[in-house]
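Take a look at the letters that make up each chain.
There are 4 protein chains.
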Amino acid sequence: MTTGVWLIGARGSLATTVVCGLLALRRGLVAPTGCVSAELALGDVFPDWDDLVPGGHDVVSTPLEKRAEQLVEDGVVPARVFAAIRPELAEVERALRPGYDPLTWPGTQADAVARLAADLAEFGAGHDRVVVVNVSSTEAPAAAEHADLEELDRALSVPEARVLPPSSIAAYAAVRAGCAYVDFTPSTGIRVPALTALAGRRGLPYAGSDGKTGQTLVRSVLAPMFEARALRVRSWAGTNLLGGGDGASLASPDRAAAKLASKAGVLPPGTEAPLHIDNVPSLGERKIAWDHVAFEGFLGARMSLQFTWEGYDSALAAPLVLDLARLVAGAHAAGAAGPLTELGFFFKDPLGGTGHNLFAQARALAEWAESLEGGGAGC
Amino acid sequence: MTTGVWLIGARGSLATTVVCGLLALRRGLVAPTGCVSAELALGDVFPDWDDLVPGGHDVVSTPLEKRAEQLVEDGVVPARVFAAIRPELAEVERALRPGYDPLTWPGTQADAVARLAADLAEFGAGHDRVVVVNVSSTEAPAAAEHADLEELDRALSVPEARVLPPSSIAAYAAVRAGCAYVDFTPSTGIRVPALTALAGRRGLPYAGSDGKTGQTLVRSVLAPMFEARALRVRSWAGTNLLGGGDGASLASPDRAAAKLASKAGVLPPGTEAPLHIDNVPSLGERKIAWDHVAFEGFLGARMSLQFTWEGYDSALAAPLVLDLARLVAGAHAAGAAGPLTELGFFFKDPLGGTGHNLFAQARALAEWAESLEGGGAGC
Amino acid sequence: MTTGVWLIGARGSLATTVVCGLLALRRGLVAPTGCVSAELALGDVFPDWDDLVPGGHDVVSTPLEKRAEQLVEDGVVPARVFAAIRPELAEVERALRPGYDPLTWPGTQADAVARLAADLAEFGAGHDRVVVVNVSSTEAPAAAEHADLEELDRALSVPEARVLPPSSIAAYAAVRAGCAYVDFTPSTGIRVPALTALAGRRGLPYAGSDGKTGQTLVRSVLAPMFEARALRVRSWAGTNLLGGGDGASLASPDRAAAKLASKAGVLPPGTEAPLHIDNVPSLGERKIAWDHVAFEGFLGARMSLQFTWEGYDSALAAPLVLDLARLVAGAHAAGAAGPLTELGFFFKDPLGGTGHNLFAQARALAEWAESLEGGGAGC
Amino acid sequence: MTTGVWLIGARGSLATTVVCGLLALRRGLVAPTGCVSAELALGDVFPDWDDLVPGGHDVVSTPLEKRAEQLVEDGVVPARVFAAIRPELAEVERALRPGYDPLTWPGTQADAVARLAADLAEFGAGHDRVVVVNVSSTEAPAAAEHADLEELDRALSVPEARVLPPSSIAAYAAVRAGCAYVDFTPSTGIRVPALTALAGRRGLPYAGSDGKTGQTLVRSVLAPMFEARALRVRSWAGTNLLGGGDGASLASPDRAAAKLASKAGVLPPGTEAPLHIDNVPSLGERKIAWDHVAFEGFLGARMSLQFTWEGYDSALAAPLVLDLARLVAGAHAAGAAGPLTELGFFFKDPLGGTGHNLFAQARALAEWAESLEGGGAGC
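Protein chains in written order, with the numbering used here: chain W, 1 to 379; chain B, 1 to 379; chain C, 1 to 379; chain S, 1 to 379.
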């Protein structure tokens with residue numbers, strides 16, 4: 001039993017870290033640190049590391065190996081790991097296909113869906129199932145209200161029309177090819193009514209949106225802490241510094257808007273909460289977040305909490321991508337379809353909305369995972 | 001129906017803030033910010049702010065009013081609140097009694113227990129019940145293994161013997177006088193087998209130890225966060241700066257030892273965790289805690305989280321003391337006896353041990369509070 | 001010998017703190033903490049605290065006393081100081097005059113200059129000299145290239161023309177009335193060629209721009225530290241959180257632009273340096289700045305320094321305003337005219353440009369102060 | 001013209017970084033980032049990187065190459081640099097000699113001096129001069145008041161007597177062998193009156209003590225900043241976290257005492273200044289320092305500054321060791337003898353005492369360097 005993990009944005013830092021990490025886990029070179037699924041009691045329905053096989057789409061053509069070398073330089077991938085997995089990296093390279101780029105694609109968007117779905121079908125032929133995970137750059141927010149699939153199809157067939165953002169083209173291809181879908185970014189992706197309805201009809205599960213990897217993760221435990229103690233948060237200001245591809249793409253104000261909206265939900269409504277994302281290319285893969293919380297206590301006393309989080313973006317996100325691939329594959333195998341709201345633990349802007357308290361989410365996740373086949377030995 | 005709140009250390013900063021805050025709450029001058037009990041669904045068995053009447057013991061004789069003036073100066077008590085409650089402060093002053101000071105007390109420790117119990121009995125005559133809360137300075141750790149009450153009584157009767165630390169003398173007096181007992185410090189207090197057994201026999205509830213007001217509070221949500229995300233904490237270093245009475249008393253290494261031990265439980269076992277408490281008198285009532293967490297993520301990536309917490313010690317602790325007074329009084333009224341393990345939410349070193357995850361503790365607290373008489377309207 | 005200190009924006013937080021502080025210094029209620037001039041060896045040419053008499057213009061009419069009460073509430077002015085100086089505050093209130101508001105002023109800008117100058121002449125009649133200090137809200141950057149005074153006068157006389165920003169109208173009035181001028185904000189003020197030329201011709205000194213009170217102050221010692229140690233700064237990111245009037249006025253992006261430009265000069269050219277100013281009204285008079293410096297050391301090692309500065313905006317700025325009033329008055333008395341480049345110590349964007357190293361600036365200031373009459377006893 | 005650089009503690013992290021860095025500089029593999037001497041206008045009297053040849057003593061026998069591999073792992077030495085210099089590292093290995101270990105040395109301390117001096121003489125035969133730099137572990141403070149050389153010699157000749165600490169044995173050997181001496185640690189070293197007198201008589205320069213590489217560096221610009229602004233520092237608390245060899249050696253309270261004393265001088269006298277050094281082995285070569293400064297401004301306003309410094313201990317110190325080798329060699333060549341007080345810039349506890357303001361020290365250094373032969377082209 002093997003599961004394909006198809007990465008949209010397969011040549012980026014995150015996808016490359018996912019691939020390197022998966023190859024390292026399969027060879028037992030590293031412990032599954034940061035992999036939540038390794039701590040859960042998962043039943044046989046869930047694939048193990050050895051069962052996962054990566055592939056993907058990307059609009060750029062940088063060789064995986066070159067990107068991996070950069071990640072070694074940046075301190076994300078250990079040199080000894082890279083040396084050991086280099087041969088397998090070349091194999092994965094062969095499984096990658098050109099992605100859909102709206103600027104250069106010559107045909108209609110309907111053609112694009114068809115081509116991407118064909119790639120997925122070809123890849124999927126060798127596996128029990130495929131989970132498509134979008135880890136490409138954040139898009140600007142897009143209104144995509146299409147509720148009727150036939151109308152959507154007609155609109156996509158108009159030459160030169162750009163009806164859906166690339167993430168939704170990819171999501172449509174996934175659903176058409178019978179793949180489960182995960183959105184690890186705040187992009188629109190599958191969140192088009194006609195697409196979610198289709199996924200439901202086809203018995204496909206999906207999850208999202210926007211992986212929770214740093215500042216928002218910390219906020220999702222600190223905001224409930226203030227609430228639990230009846231302390232009144234007056235302001236919660238935040239700054240993010242990041243280099244790498246993500247920093248560059250988020251330097252665009254409209255793309256940043258998607259990210260900022262996705263981050264806001266975790267705070268108490270009405271909080272004064274200025275928030276910035278700055279592109280600082282010289283930081284490379286590092287990201288730094290600073291938060292300042294001004295709160296009021298007994299007798300109106302003014303107090304504060306501030307924190308600084310420093311990490312490697314890809315190292316924080318990659319284990320969650322692997323977790324999601326395993327969990328969503330298991331859900332698919334167990335017959336779950338539609339939005340997997342129990343996976344809110346992983347996301348800044350969770351589908352369904354089980355709230356933002358990390359520990360409530362963790363409990364929901366653990367119970368859900370055990371409920372699929374009644375659990376089993378951890379891996 | 002009134003409940004006496006008897007404070008051991010009644011002339012200290014914390015007790016004075018408790019008293020000022022209670023008087024302000026009763027007059028509706030301030031909101032119950034920081035009071036967790038105000039958010040719980042509490043039934044009739046629990047006293048309301050109006051039902052609480054303060055009194056207490058102290059070994060010093062500084063007038064309450066003078067201490068309150070200092071708290072105004074230090075920014076803990078608002079000037080307008082002080083002006084409004086001044087007359088009632090004088091009333092509370094009259095309810096205070098000299099505490100037991102082992103250095104100057106002329107009689108045996110048995111005499112001391114008797115005298116303190118007599119004070120409590122006199123005070124309790126006017127109320128339905130009394131909750132004794134120890135908010136006096138942290139003591140050095142003391143071994144107090146006495147399991148047999150009669151033997152303990154004999155030992156206490158030996159002239160000049162100093163068998164129990166003052167916190168335990170106070171706890172014994174509380175139990176003898178039929179009062180519930182709360183230890184808001186890490187001192188020994190009621191944690192002497194003969195005393196806890198007696199409390200059980202007499203149907204008295206008790207709770208402790210060591211109120212969780214800042215650094216440990218934050219740790220109790222961050223440590224589980226790392227665990228939930230399978231991130232490996234490698235070191236967790238901390239520093240506390242505090243002025244005020246607490247800073248001075250913790251400047252003594254043996255007293256600090258009690259506090260440091262109480263703080264350590266919340267971290268993963270085996271973590272490298274240097275921790276300091278520094279006395280910085282010029283900070284006054286302010287306290288500042290800095291923590292640095294070095295953790296390891298996917299592929300061994302080294303990352304860090306640091307936070308700084310700045311607050312007013314008394315403003316953080318006082319609402320919890322009031323919460324505990326209400327909750328323990330309600331438990332007593334409802335017939336609960338022995339250790340109230342469901343109150344672990346409030347403590348660094350909780351009796352019984354329901355773990356250190358703040359949200360698990362919060363849930364346990366809420367369920368327990370509702371279970372006493374099935375809950376009711378919040379206050 | 002008395003010196004008038006005329007504040008543009010006289011009813012704002014900063015001006016009110018200046019006035020309260022001056023009255024408190026004159027009565028000996030407080031030490032001159034934060035007053036640099038109190039540490040300098042100043043000769044007789046410089047006025048002492050007792051010689052300074054405040055007045056000013058403002059476009060709002062909030063009573064000084066009410067603003068001062070707010071500053072007591074916000075923790076800037078001690079309650080005991082306010083109680084003591086209240087009577088004298090009423091006197092200062094009587095010396096305040098309505099400022100020039102371009103939105104409501106019915107006449108030409110030339111009329112406005114004439115009216116403001118008349119106010120200054122009236123005020124100045126009672127004093128040896130007057131120093132006008134602009135402490136009003138930051139304006140949006142304005143191009144004001146007028147080099148010819150007659151042409152400027154003609155332009156100002158056109159009905160409804162708005163040729164100069166309010167800060168420059170005030171500066172023009174100051175020069176016309178024979179007053180020295182200080183710009184404590186980044187607004188245009190006297191930086192119009194025709195006005196600086198006129199000040200020179202009339203023998204009037206002036207100083208500016210933009211008082212250095214927090215983040216930039218720290219940067220002006222840290223940036224030279226990295227340089228002195230041959231460490232390569234790669235990025236220097238900063239965030240400012242401030243409430244109060246300044247926060248609100250800087251929430252406007254074009255006004256913030258003036259401030260951000262003024263702050264940038266202190267860093268090494270070419271540094272990646274994202275910088276934000278956020279309006280957080282609930283912070284009141286508090287301001288918080290966080291800076292993160294990523295630097296490279298030997299063998300390319302990546303290291304970092306971060307700092308958080310927390311203070312009260314008005315308490316940081318007010319002593320510098322008083323220092324500048326004394327120093328500029330002394331310069332005027334000693335016959336200095338034109339830009340006082342030796343006062344760069346006080347400013348983010350110093351006139352003349354003696355560099356940004358705080359200690360080089362401090363030395364230049366001390367030498368200059370001593371050179372005026374050869375120094376003398378400090379005050 | 002070549003200059004020997006003899007490192008006491010030659011197999012430690014710092015010395016190994018010095019050696020790797022020097023080899024990398026000589027091959028042009030890296031820029032001299034962090035090398036202050038590269039920014040100075042140095043005359044011909046000073047050796048260039050190419051002229052420096054390393055050697056040294058150590059009491060352990062870990063091969064240099066193995067230590068360098070560890071430094072690659074810890075992120076201090078880039079893998080590409082290590083690969084390139086590996087052959088030359090083996091050459092340096094051959095120039096290392098066993099150090100003096102009081103626990104195992106079979107002879108008298110006089111014998112030890114003779115043996116170390118003989119090693120230096122042998123090494124020095126190939127060079128114009130040798131600078132001995134102590135970079136070994138910090139010793140516990142030792143009283144070494146010996147003023148008379150003959151008496152000292154007699155004491156050293158007593159079998160089994162341990163009269164001087166190892167750092168002073170090494171310093172004595174250096175002076176006897178005609179070498180200049182630098183103490184980069186707070187150990188006693190040459191600070192024995194009989195030894196400094198001898199150095200003076202023999203025309204040998206020396207410098208020290210305790211390289212200023214992080215927290216104290218930052219303090220040496222921030223403390224003067226507060227002073228320049230007449231702001232009153234009330235408390236200045238600090239914590240240091242460090243792994244590596246230095247962390248382990250400073251875990252011993254008496255050794256830490258030496259370091260803490262050396263760090264204290266830079267703060268205003270009388271400041272409340274608790275300071276800790278914690279050994280956190282898992283940090284490896286990283287070190288983290290946190291400082292919290294509480295200060296008072298105008299009208300008594302309470303404000304604060306805090307900073308966190310994160311770096312690699314060896315990467316911060318190594319360029320300074322190279323700078324000192326060059327500068328002290330130049331001083332020796334130019335005929336300077338005795339304490340080089342102009343090098344206070346480099347030290348926490350500078351000989352002679354030109355104060356602690358970093359920029360005053362930088363100026364003194366630059367002027368001194370230029371004065372030796374009137375300066376010349378930088379390198």
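Please note that a few of the clues may not be correct.
[Claimed, not checked] Now the in silico label distances, taken between C-beta atoms and shown as ranges:
#1 G335/S x A251/W: 28 to 38 Å
#2 D128/S x R80/W: 41 to 51 Å
#3 A79/B x G270/W: 23 to 33 Å
[Said to hold, decoys possible] Chain C stretches covered by chain W per the calculated footprint, using a threshold of three residues with CB under 8 Å from any CB of chain W:
#4 232 to 241
#5 267 to 276
#6 288 to 301
[Unchecked claim] Far from chain C by the CB rule (all over 12 Å, computed), these chain S residues:
#7 Q70
#8 T104
#9 P159
#10 A315
#11 A317
#12 A337
#13 E370
These are computed hints drawn from the structure, not numbers from a lab. Keep in mind that this is a model prediction, so the values were computed, not measured. Using N, Cα and C, we set each Cβ at its ideal position, and we do this for glycine too.
Each hint, compared with the structure:
1. A hinted range of 28 to 38 Å is violated for the C-beta pair G335/S and A251/W, which are about 58 Å apart.
2. At roughly 43 Å, the beta carbons of D128/S and R80/W sit within the given window of 41 to 51 Å.
3. Separation of A79/B from G270/W is about 28 Å and conforms to the stated range, judged on CB atoms against 23 to 33 Å.
4. For the stretch 232 to 241 of chain C, the stated coverage by chain W is satisfied: 5 residues place a CB nearer than 8 Å to a CB of that chain, which reaches the threshold of 3.
5. Figure legend: the stretch 267 to 276 of chain C, annotated as covered by chain W; annotation consistent (3 residues with Cβ-Cβ distances under 8 Å, at least 3 required).
6. Only residues whose C-beta sits within less than 8 Å of a C-beta in chain W count toward coverage, and the stretch 288 to 301 of chain C has 4 of them, enough to reach three; the restraint holds.
7. For Q70/S, the requirement that its beta carbon stay farther than 12 Å from each beta carbon of chain C is met, with the minimum near 14 Å.
8. Its beta-carbon lying about 34 Å from the closest one in chain C, T104/S satisfies the requirement of being farther than 12 Å from that chain.
9. Every beta carbon of chain C lies more than 12 Å from that of P159/S, the smallest distance being close to 44 Å; the non-interface claim holds.
10. Consistency note on A315/S: stated as away from chain C, yet its beta-carbon is not over 12 Å from all of that chain's, at 4 Å minimum.
11. With a minimum CB-CB distance of about 9 Å to chain C, A317/S fails to clear the 12 Å threshold, and the non-interface call is violated.
12. For A337/S, the condition that its CB be more than 12 Å from all CB atoms of chain C holds, with the nearest at approximately 27 Å.
13. No beta-carbon of chain C comes within 12 Å of the beta-carbon of E370/S; the shortest separation is about 16 Å.
Of the numbered hints given earlier, the model fails hints 1, 10, 11; all others are met.
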